[in-house]
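Throw the hints in and build the complete structure from the sequences for me.
Heads up: the sequence lines are chains Z and B, in that order. The opening residue of the first sequence carries number 1 in the working numbering; numbering runs sequentially from there. The opening residue of the second sequence carries number 1 in the working numbering; numbering runs sequentially from there.
There's no promise every hint is true.
Said to hold, decoys possible - Calculated from the model, a selection of chain Z residues having no Cβ within reach of chain B, i.e. all distances over 12 Å: (1) A53; (2) D63; (3) A67; (4) A89; (5) A92; (6) A108; (7) I117; (8) A135.
What the hints assert, rightly or not - Label pairs and their computed distance ranges (CB to CB): (9) Z:A71 - B:G71: 47 to 53 Å; (10) B:V164 - Z:E56: 55 to 61 Å; (11) B:A231 - Z:V48: 41 to 47 Å; (12) B:P224 - Z:A46: 52 to 58 Å; (13) Z:V48 - B:A82: 18 to 24 Å; (14) Z:A74 - B:G78: 52 to 58 Å; (15) Z:D63 - B:G71: 37 to 43 Å; (16) Z:G32 - B:H12: 36 to 42 Å; (17) Z:E56 - B:G78: 25 to 31 Å; (18) B:A231 - Z:E56: 51 to 57 Å; (19) B:T162 - Z:M1: 40 to 46 Å; (20) B:I140 - Z:A46: 29 to 35 Å; (21) Z:G32 - B:V135: 23 to 29 Å; (22) Z:D63 - B:P86: 32 to 38 Å.
As the list claims (entries may be wrong) - Derived lysine-lysine pairs resembling DSS-like cross-links, with alpha carbons at most 30 Å apart: (23) Z:K119 - Z:K158; (24) Z:K119 - Z:K101; (25) Z:K36 - B:K57; (26) Z:K36 - B:K90; (27) Z:K36 - B:K89; (28) Z:K86 - Z:K101; (29) Z:K36 - B:K148; (30) Z:K101 - Z:K88.
Read the hints as simulated data drawn from the structure, not as lab findings. Quick reminder that beta carbons are idealized off the backbone N, C-alpha and C, glycines included.
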Amino acid sequence: MPQIAQLAETYSSQIFWLLVFFGFTFLVIGRGMVPKVMATVSAREAQVAGDLAAAEAARAAADSAEAQWQASLASQRAEAQALIAKAKAEAAKASEARLAKAASATEARIAEAEGQIAKARASALAEIEAVAAEAAGDIATKLAGLSIDAGAARAAVKEVLHG
Amino acid sequence: MAAEQATVDPMHQFTIEPMFGTDHWALAGHNIAFTNSALWMAIVTVALWVFVAGGMKRQLVPGRWQMAVEGFTGFIDGLLAANVGPAGKKYVPYIFSLFMFILFSNVLGLLPLALFGAHPFTVTSHFTATGVLAVMSFAIVLVVGFFKHKLHFFSLFVPHGTPVVMIPLIFVIELVSFLVRPFSLGLRLFVAMMAGHVLLEVLSSFVIGGINAGPGFGLLVSVPSFALMVAIQALEILVAGIQAYVFALLTSLYLNDAENLH
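Structure, rendered in C-alpha cells:
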C-alpha cells in the first residue's frame, strides 16, 4: 500500500504541493472568480425583479389612467347631459313665449275681424231695414192702394224684424 | 504485457514518483519533490480554472458553460444557505474550492488515460492529501468556533436537556466524536477512492488474465468481469461526485456547529 509504504518520503511533498495548488484554487478561483460568477447571478436576479416591478408599475399606471379616463368620460357625459337639458328648457321656454305672442296676435286679429263682422252685420241690417221698409211701402201701395209714409213703414218693419 | 500480468499489483497505481528530476527539492529539510501527485494537483487546478473561467462571460442570458458554472456556485450557495443559514454565505469560496477540487481530482483520476499511454493518478486516493483538506476544514471550524463563541464553544459538547449527572460522560463522548471528525472526513474520501480504483484494477487484471488463459477462460471470466467493470466504472463516477458532496456537506455541517452552536 503505497499510501503507507511511501508515507515517510512523500508526505511533505504532498502536503506542500496540495497547499500550493489548493491555495491557488482557493485564492484565485474561490476568492477571485466565484464571487464574480455569483454577482452575475444576483445581478440577473435583481434585473429580473426590477423588470417585473417596472412592468407591475406600468400596469398600475395604465389601470389608473384608464380609471381617470373613465371618470372624465362620465363627467363629460354628465356635462353634456346638463347642456342638453338646459338647451331643451330654453327652447321650450322660447317656443312657449313665441306661441303666447302668436296667440295674442291671432286673438287681436280675431277680435278685429269679429268687430268688422259685427259692423258689417249692423250696416247690413240697417240696409235690410231700409230696403224692407221701402219694399213694404211699395207692397202696401200696390196691393191695398194705401200710401204709407216712409216713417210709418220703417217703424212697422223695425217692429217685425226685432220682435 | 503477458510477462507482467502474472504480477499485477493493483496498488501500483497509487505509487508516487518524483518527476522531472526534482526528487532532491527540499524546503526547510523536507522533501518537496514535484511528483505525479503534484502534477495531477496542477492538472486539477488548471482544469478547474479553465472550467470556472469559461463561465465568467457574465452575460445576462447565460450560455451553456456559464449555466454549468453558475449551477455549481448556486449549488454550493444553496448547500451553505440550507445548512448554515445566512452566515454561511462567506464560506462559499472555501466550500466551492473544496468541493470542486475534490470532484475534479476524483473524476480526472477515473479517466481512462492509460489507453493513450498516460498514467492517471487520483490525488484524493492518498490520505495525506485528504487529511490535509480535512485538517484544513477542521481548523476553520475550530478557529471560527472559538473566535465567535470563545470558551462557550465547549457547550457544543453538552446537548440541550442533558441531565446534570450525565454531563461529564456526555461531554467526553461528544468531545471524542468531535475530535474524530477530521479523521473520518479524510479517511472516508481516501478509502472510497482507493477501494474503487483497486476494484477496477483487479477486475481489469481478471479480463487480461482470462484472455491470456485461452478463449474458454476468456468467455467465462473476461466477459463477465468486463461487464462488471463497466458497471463499477459507472458506480465510481457516481461515488466521485457523492464523496465530493459528502466532504462539502459535512464541512458545512461542522461550520454550522461553529457558527450557530446548536
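Hint compliance check: list the failing hint numbers for this structure, sorted ascending. none
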